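For the protein sequence lines, the chains are C and Z, in the order given.
Residues in the first sequence are numbered consecutively from 1, following full-length UniProt numbering.
Residues in the second sequence are numbered consecutively from 1, following full-length UniProt numbering.
It is possible that part of the hints are untrue.
Taking lysine-lysine and the DSS-like style, the derived pairs with C-alpha atoms no more than 25 Å apart in a straight line are [unchecked claim]:
1) Z/Lys51 <-> C/Lys531
2) Z/Lys338 <-> C/Lys462
3) C/Lys206 <-> C/Lys422
4) Z/Lys147 <-> C/Lys1174
5) C/Lys286 <-> C/Lys185
6) Z/Lys38 <-> C/Lys462
7) C/Lys1174 <-> Z/Lys295
8) Z/Lys225 <-> Z/Lys123
Just so you know, these hints were derived from the structure itself, not from any lab.
Predicted model only: the values in this text are computed from it and were never measured.
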Amino acid sequence: MISGHPLHSSSESSSVVVHRRGASARNLPTFHSICPSVSFSSSTYDETETSCLKDQKEEGEETTLSAGATPRYPLEPLTSLACSASVLPSKQLFSSDARSSQQFSLECPTKNRGSRVSWGGSMELHDNNNTCTSFDISGGSSVLQDKLSKSRRVRNKSVDFDENLLYAENPRLIYINDPRRTNDKYEFTGNEIRTSKYTLITFLPKNLFIQFHRVAYLYFLAIAALNQLPPLAVFGRTVSLFPLLFVLCVTAIKDGYEDWRRHRSDRNENNREALVLQFGEFQLKKWKKIRAGEVVKIHADETIPCDMVLLGTSDPSGLAYIQTMNLDGESNLKTRYARQETVSSVFEGCNISGLIRCEQPNRNIYEFTANMEFNGQKFPLSQSNIVLRGCQLKNTDWIIGVVVYAGQETKAMLNSAISPAKRSKLESYMNRETLWLSVFLLVMCSVVALGMGLWLNRHKDKLDTLPYYRKRYQVNGKDNGKTYRYYGIPMETFFSFLSSIIVFQIMIPISLYITMELVRLGQSYFMIEDKHMYDSSSGSRFQCRSLNINEDLGQIRYVFSDKTGTLTENKMEFRKASVCGKNFGSSNLTDDLQHEHNIRDAADFRSRWKLKSEVSVDSSLFDLLHKDLVGDEKIAAHEFFLTLAACNTVIPIVSQDTSSGHRSSESWEDVDTIEYQGESPDEQALVSAASAYGYTLFERTSGHIVIDINGNKLRLDVLGLHEFDSVRKRMSVVIRFPDNSVKVLVKGADTTMLSILANDGERDDQIKRATQRHLIEYSSEGLRTLVVAARDLTDAELEQWQCRYEDASTSLIDRAAKLRQTAALVECNLNLLGATAIEDKLQDGVPEAIEALRQAGIKVWVLTGDKQETAISIGLSCKLLTVDMQQIIINGNSEEDCRNLLADAKTKYGLQSSNRKKQNLESRKNSEIGYLEIPDDTKSSSVPAVCVPLALIIDGNSLVYILEKDLESELFNIATSCRVVLCCRVAPLQKAGIVDLIKSRTDDMTLAIGDGANDVSMIQMADVGVGICGQEGRQAVMASDFAMGQFQFLKRLLLVHGHWNYQRVGYLVLYNFYRNAVFVLMLFWYILCTAFSTTSALTDWSSVFYSVIYTSIPTIVVGILDKDLSHRTLLQYPKLYGSGYRHEAYNMRLFWITMIDTLWQSLILFYVPLYVYKESSIDIWSMGSLWTIAVVVLVNIHLAMDIQRWVFITHVAVWGSIIITYACMVVLDSIPIFPNYWTIYHLAKSPTYWLTILLITIVALLPRFVVKVVHQIFWPSDIQIAREAERLRAS
Amino acid sequence: MNTNGAATSSAAAGGGGGSLAVTVDSSSAAKKNSKKPKYSKFTQQELPACKPILTPGLVITTFTIIGIIFIPIGLVSLSASEHVVEIVDRYDEVCASIHPNKVAYIQNSLTNKSCTRTLIVPKLMKSPVFIYYQLDNFYQNHRRYVKSRNDKQLRSKAAEFDTTSCEPEDKTSAGPIVPCGLIAWSLFNDTYGFSVKNKMLAVNKKNIAWDSDKEHKFGSDVYPKNFQSGGLIGGAKLNSSIPLSEQEDLIVWMRTAALPNFRKLYGRIEEDLQANDKITVIIQNNYNTYSFGGKKKLVLSTTSWIGGKNDFLGIAYITVGGLCLFLAVSFILLYIIKPRPLGDPSYLSWNRCPSGHPN
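So here's chain Z without its partners, still in its complex pose (with noise of 0.2 Å):
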């Protein structure tokens, strides 16, 4: 437009003096250039770009790559699920079963409760093997429960007054718990003794907690105070002498779990178990899961890498690739069968039906 402007009215001067006027126009456009949009490939939105469309050929190798990675890794995951040695052994109901209220009978303090019980190793077990107990039906993770702690008094003994969060379990007469809350009131009690052929097995209870936990969660410089002092008792007792650092069944305790079906590691047993070896565990029942139908467990088990016994992730995974390499052929069959050249216009809805309506 500029050009064409300055070129008519150079010519109707009289062709003279062009040179001059174009000097003028393009000054003026100069200084019109500064409004104009700068030229960029952003601003013009045509940077260089990956536009990946679904190509039948990858589409299949979508899928063949998700199959051949998925079946291995699946297969794996099995195998390792399956060399892991797991006993199980719910000895809640067993242990209680002489007693006809069996609530009042955890309840009360004066009855003895230990229990024995008979386990066989099926398998070898190499060491360490891994002492957990389970509860089950125990919603650890119950919006009440899950916050009632208060991580500062937990970490330092000056915030030993700062009980926020932990009612009803904050505080005595005798002035404030340490640890408050209902997470450490509820601490579990049950504890249990090995022995194989009549040879205690020793249980290895340190480091059974996160470092991370015991060193700047847990402080070293708190003791427990005015613990289970109140007229409902929840749980265990601590050592008094022993700063919360230390006291690890509390720190993994309070570790709250995720699910209301949950296992809590309570030891190692460092020495290889082997088959058909008898063990006899004396347990003491001392926590009441049963005025609310809880369940206890207790559980022996080795480890691998992808964890305790869970045969869930290897099935999945072989399932999942198995069924993207069925996928996989079944597009190759149907590009065979339905081809559709890629980008043909004929496809485009006005040409398919040039009356009609698409679909």
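Isolated chain C, as found in the complex (with noise of 0.2 Å):
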């Protein structure tokens, strides 16, 4: 969930620490919205996971079923709520109707809010102190965010937060259908929306400052800045600009068109019409001319282009159904409603006109707080009566809405802002080492400084006369006597000083940055095409969103996952049913003959309706249903599935079916799809099987609901719903059928449902028993369960019943305990019907994926906002625990409970203290940390009496204590003793804290992978974000650093691509310090012999061309190409991930290994020339191009000797840049300007020319070959062993 919790962060964290010690010891995390506070406070519902939205929609919903029976709303006694929560009284406040309570204090009048803000906290809870359990949790979360507040997430918030109070003083004006007078000092924007960053006049300035951001760009032009000062000309003038041109122009033209992109997508968007009310009627008026206080009409299916409160819909009740998806990720359908007091003028069509105080724009989708008057009456609006701009309207055939924040002030723009770029963990390392070049620069520089001073000093008085010196002129002339570029002995050491750092610049491998960006964009380019990272179900690639972290992915230690539609598809499918005591579904449709028949034989019942997803049909079940004989049985399933049917809050959307043509052979025509949304997959799931069983379930209004059975509409009335809450954890129904009878139906948890059914009879008991063995059955194999069941209601109790919901209903204060002392009075004494099972559905690949990452040494930890027993029953279906696992469960309801759960844990596991894990931690650090070993093993190895392996479950509630608390460190120290750790009922924000947890306690890197909305938080936290584009949306693939289609993936990418990826950079960063230290350490010796002047031998475009053309594209050939084993052999071998979190291929030992190998490469590369053409007639210009020549071939071939894969590619780039360099030299030495003019021809003549080249390569190589190969026979590395392995395979 994204940042917006503004109030509460700050203000209330304090009272809320208070309250808690009052709180009773009541674990109802999801009890969230009897306190008044709640409603502001977005980080509750973050809490109970399922979003505010979801909320609303309960709540618009539950008002729509409702108000069939008891019409009631409007809501008219608005009081405040602040008194409203002050009376409630205690103890009963647990009741069902939660959501109604949660109305009202949405609705309450806006104008106390700011002020509530300031004393709420303290005052108003104090009073009803136990319905706080929420309220802990939403403390609990804002002492987390006050934990994260080092992020900047925390920033926007505290922006929110001023924002809000700056809403009490100052609100924002909307004169409906008047947006002159709305908007008459210009301060609102118009809807014109714009992402790109320039225009056409200001893109070179703007450009050019955002580039100069970059440190490297700095370096270049103060390098540059340096080299045009006349003392320290080193470089040509030009010849040192053409390397910070080169790299700001290709940047500026990439840059360039990708706001060109941005600019048409701007384009589109803001010509895009909508209808809006001028002069009286509607005409089209395209987006971008929208302003705040029009009133527009949307159509179905339309995007809707800013945010409106809404005024009337084409329901008479005001509801409109819209679907969030591009806002927060959610694919189901949200329900939004307009005043009463508006709808019926907009349905009169009479002149609209009113006046809207609201907020000043702000990020939170999640609130919307104003109030609206209209026609005299003054009334509150809140979010769910507001739609956004992004969302698309659905299921309904218009709404009419004034705007209230257009353009950039929508909290769809509000919230579109970048994820913050992340820096790679290699990267920080490569830093921490350019910081010893820059030492190693600095040492050099002093030197020549040192010796250039010395040096003069000791020429003092022969420096006007000495030949190659001479600083004064001697010339008859008006300079006579003046000195030339004298400045006297300590001036001219300090420019010697600046001048060396001028020739010895490529000593930082600023062009190294460069070069890595490129190599990431290869890089990603071969994931992005990687073939078995395609989702062909949902046809989503992979995509890179940052190009920055390429090869964390191979350094992964931890990765933290959602569960619901991360690892199980969130696709909800039913398997299995106990009815009447009897077992269905064990048997799947393995049979395609017998499902044929069975399909043949229901030919003549079915409907004609088409589900939009296929559910498989138990046939022994089916058989039952179509029976002609009557029976208990029969009787049993019937009710059983009309329950299904009934007893639920889904919609359904019927459409025609445009593909439907290919049935007509048969003989149904006319075939509609039903879509089922609701804001519960479980019960679509039910519903999609009471269908696929013949009950369909087609048309819902408020008041009754029509199912078709068998071909036969059977239209039930409604007389009341109980809907589903933590404490009864059940939903009942209560119908009245044609035939007036009334039944209830309920459906539920068996852990409350099996209490309160009837007990008579011997049967009823066998029933019972028989189901109750069911239901364990299914839940071991990770099933969800539900026990239906049902009874008829008498007359009587039918009107005791009706009378006292009526006015549970509609009472003020204390609904939600009286409404659920109202269901106690139906649901009891029921017949057990069955029970159903429900499959959410593991994703394909996933035990296998989440082995293999165990293999790898990954440890894998769920984070989900699933209850415990679903958490843990997912947990044992993928693969995540295991049977043999000790698990230690953690759900404290107290600081003191969770202190003494951490506490036995450890004395019973013996887990060490946490001293002595940091002492463990710390020799596991010193011998190579995190060797591949599965932790329970090297537990094992220092702590003999856990040899069990542990299993970490905590819940959400837990967390809240010892996440804040000193607990964090045994938290820690237990959780990464343990070999799995689930969290479930965690909300969004506890999840980053956990990922936080780790990443402020290790160096190890974490990655995140989840799919919602609720995954954002931690996904940003974690060093690397993974986004799985799957059912719900793209919040977290907006968020990722990585998106895919599926978690199998992860496997891949991590052990496959990260594996490579980090090799590649690890070899990459060596090579390119080696490169250009190699060259710099040349041309200092080379200064040591021109009495520290500073001299290159090179020409300055050899100097220039050396790392931007003569040697960079075989590093980023290489850094893109290079495989040291192939996916087969890095699958078969997850352990062979190790070498990346074991920083095997960059590290400090490698640096100045790699270090001495330069300073002999370069000793012999400067060595060599000298005492080949010592006491020779040879220029300085022959010298060059030797050496130029010499370091590169000597690179190359060096980069080609560690090369692992040679492709054609490879070939051209490595020989290719040795010709090309050649092919420079001789361009260059063929223009007469240049001194070194001719060189390369009299040069090429000369055998002794090749034969020290040839020299050269080889004594350089040498030592790093005899090295290499002796390494290799006595410390073979896993991956060497696997690549001959691999090799000898093959032959």
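Since each chain sits alone in its own frame, please combine them into the complex, following the hints.
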């Protein structure tokens, strides 16, 4: 969930802590809506894991449903909520109707809100102390937020906070249908959006400004500027600018292109059209011209152009369904409603005018506070009255709304901030080594400067006459006797220092940053193109959204995974049913023939409905339903499915099936497709299942539902509905059949259902026992179970219930408790019908992927909002948990509880105290931390007491207490010694908190993977965030660094691409350090032979081209294409991944070894030609030419020696660069203006030249080669062995 | 996935019209395919590749080959170097030994600076015999010095006034100095006359500079101007009636040397010099190296394909070749003594020591 937790985070945390002390110990984390202040704390919604919007939907829905029975709204007496809350009696608050009271709170006059911020926490909340479980949680998360305040997220929050305070004094006034008056001060923006950064005019300055934010470019610029100073002009002035200009141009072109594309999409967006009320009628108007205050009409399936307050909809009751996919990624429909007061006037078509006071624009999409004056009435508006830009209108013919925020001020635009760039770990190590290189650079420059100073001092009396120095003009002219470029010894020393910095500038491998960017780009290309990471079912490719952290994928130690939608498909499937004590569905549809047969049978019964999703049907159960005989079982089955079809809050959406033509050969025509939209995927699955068995729910209005039973339409009046809540853990619906009989249909969790069953008779008992047996069986398979029951209501009962229900549902105070009591009236003495088992299907390959990751030494933690039991069962089914594991379950309700539980766990399993743990960690770190062993094994070596693998299961409630306290380290110790960690019932911010726990306490890399908006904070917190583009849309993807279609690709992403990228980039960095250092050292040795005068034997162009042209391409190609092992081997031996988090491809040791090698090579490079041409007539440019070629050949052969996989392109790049170098030399030496004219032609004629190059290459590389061979014989690395195995197997 | 879905849906639809369902499905699949990565060996990183590994055979072969190639090359170069006959005579000290103040002596334009040296030819020197002068401790590669020239001015008459980067030897009150700059100013001006058995040896001073320099870098229409007219004379004067392109001594001098000890070609003797011949050299000792402690040497040398006399290359090649052969033998022994089967999974760290740590 994104940033906005406006009012809470800072102002209330303290009072909340105080408050918790008095809280009752009831563990009701989802129960969240009673405290009035909760309604404006979205962090509470985080806790419940269902987003606010969902709640809103339920709420709206409930409104509709109950409307038929007891017209309940408009909720007229809008008492101030402050009093309603404080009057609430305690104890009984845990009632079913949490939502209505929430609705309540949402509708309270918003004027109070601003002020409540300051005192609400302390005063109101004290009165009703048992409403507070939820509060604790919100408090917890707000503390967590405080904890996270290092991150910039909080900054946004505080901004929101300010804005909200501001709102109190400075509301935004919107005059409905009067945009001019609304915007009389021209302070509101129009609806034009601009995501582009530049315009044609601002492009150059702005782009340059942005580019020079990078340190690398500033370094370039500083060096180039230094070079412009007359005493320092080491290079020609244009030459020194060349690299900088080159990079700037390339980047500018890239930026320009990207911006052009943004311009284009902005233009498309701005030129879309919508119906706007102009001069009394709706006319088309371009989006960009829409202004705040205008009245806009949107038709079904259209996108909403700006944030609007609903005035009316095609539905007489003011309902509208919207899809918020683009906003929060949730694909199900949400309900919004227009205020009853406005609906009627919109329908009457009279002139609409009024005034809306709303808060200033902010980025919290889950909240909106405003009020409206309309026809003399004043009433509050809330989140449920507003539709936001980017949403789509669904299932509603039209809506009319007034624009409150437009353009950049819409919540969607305010939320479209790009996630901040992450920096890869390797790069931060690299920066450390770059510091060392700067030290080298400074040392070299100091040596040169010092040498220069001493030399000048020694020769100071000869400087005037020294033929090669001559500091004075000695000519007949006006300058006679003046000194030329001589500023005294100290200054000369200083200038010498500066000019040597210019000469040695490439010691700091600035070009490496650009090289790395190109390399990552190439690596990303191959990751995107990998066919093994293409999800054919959703057609989604792998996406690299961040280009900075490719190599981090090879070093992951911890994977934090969301469960629903990430490990599972988030597609619930009806698997099994136990009806009347009989188990059905154990035999899956393996037998096609039989199935076919069934279907043919069913053909007669089947309705003309077609489901969007198909459900497999158990043949025997199907037969049972369609047998003609009448019996108990048949009746039970009938009622069972009737309950499934009726007892829910799912909305059926009927649409003409366009592709239904193929069925015309059969008996049905005019086939409609039904799609079920609902808040809970479980309910959708159940309704779909009922439909597959012939009980199709196809119409739902507020007062009745229509079920198609095998072709016969059955209209059922819904007399009342008790929604699911976490206390009762069941929901019930009271329906009246056409024959006037009334039934109550109930479904719920087994724990609460079995106790309220009627208990009469042997047979019932038997059925109950059988069902219980089945339930255990189901849940052990990881299925989610529900128990279904029903009973007839007598007239008397009905009357009593109706009376109470009406009273309760219109009650303004204590409604939830009253409703709960009412529910208890009918939810008793139920007849058990059966039980259902729903599978939240694991995605393909999840167990395998998890197993592979675990073998690779990666710890997989699952963080889920599900309840403990579900989490455990999923853990079992995805092989995360195994039966032999000891489960440490921590679900305390107080700090003390948690402390005890943690301590118990520690003593029981003999875990070390934190001190010893730290030592252990330390020692493990010394011995190459995190060796491939799974943790329990290393544990067993240090603490013999623990020999069973441990699994930690902890719930969000406990995390609240633990994460904010000193218990954090205890948790960390236990968690790291467990093989598996499962966190259930965690709020989004807690997910981030857990990631932060690991991140702040270890150096290990973390990866978070998730698919929903609730995973965003975790994804942003982790070093690497992976988004699954799945059912829940794009929110997670937008926040992620990498996005892919399925969880199982993670295996390939880490083990294969991560490994490759890490190895490649690690080598690339070392090689680039070497490549530049060897060149610089070579220059350095030469400068020592030139009286410290920073002469370069190389021509200016050669010096510049060296890192830009002569040697850059092979490094890029190798960085992109080199592979140490094939993907088959890497997948076969996941443990090879360990080289990544053990930093084997890049570490301090390797750096120093490389530097020693560099030193040797540079000495050879310099001294071999020196001795060969000692006392010869060679000139400086020939020598320079020789050195240029020698160093280019040397570094390229060096690279060639390390290349592990030669493809055609590698050959071209490596040998090509040498050839290009020669070609450049030839070209440069053919221009008469240069002093080095014709040098290469002379040299090439001499055999000595060639022999020297050969000698340099061989001698320079000999030690490296010998060391490499010896190392491979005696200390072969795992990678090398695997490589040999791969090679020999192939041949 | 796709096919499964199609099967289920058509089956559930009653088995009828299955084929149509399939076509619908495949068309939608085709649409999706456009987004699907195109499979190619390149994109899947499966291009045919050579994956070298350092097998014992490869290692030993490499070393042996290097050894086998290097030793002959070393021998040949060494022998070539041995064939070069070289006479080096340092004369700066000797020629000025009678004068107590060498600097004053050399700066005095009136004193007679001729000096006679006798050289003995150790071996037969086949023509052409190259005459070099060698200067030591003369930093021709000093940055101030190297830059102190103007190639445009040297090349064309039109750029006569272009004396940038020539300071402090750029112009006089009479106009620009051609050729300007310290390099030209400090032109070497010792001269040598050779005679064997009282017979003058002709010294060919033609074609001592690179043809490319003569043709393209030094203009045939550029004549020296205002040269050595300043208060401080650096070295030789130039005949202002000869274009720069024919002033070969200047051209040679202007190819600045790479190292502080360098030789420059003075001329050629195109006669064979017999062993034990006594060569009398009359040196005009004009050039001032005394003020900065430089040395002057006269070098007579024949040449071979590797250039002058230099044993370094030959010795280096032989050493490296020998070392490689030695390494080849040691690796053979190593592989025999401590063989490691290549690609043996039992050597994998987690197989080798299941509970311990690697290394």
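Results for each hint:
no., hint, result
1, Z/Lys51 <-> C/Lys531, "holds (23 Å)"
2, Z/Lys338 <-> C/Lys462, "violated (65 Å)"
3, C/Lys206 <-> C/Lys422, "holds (23 Å)"
4, Z/Lys147 <-> C/Lys1174, "holds (23 Å)"
5, C/Lys286 <-> C/Lys185, "holds (23 Å)"
6, Z/Lys38 <-> C/Lys462, "violated (74 Å)"
7, C/Lys1174 <-> Z/Lys295, "holds (15 Å)"
8, Z/Lys225 <-> Z/Lys123, "violated (45 Å)"
Violated hints, in rising order: 2, 6 and 8; the structure is consistent with all others.
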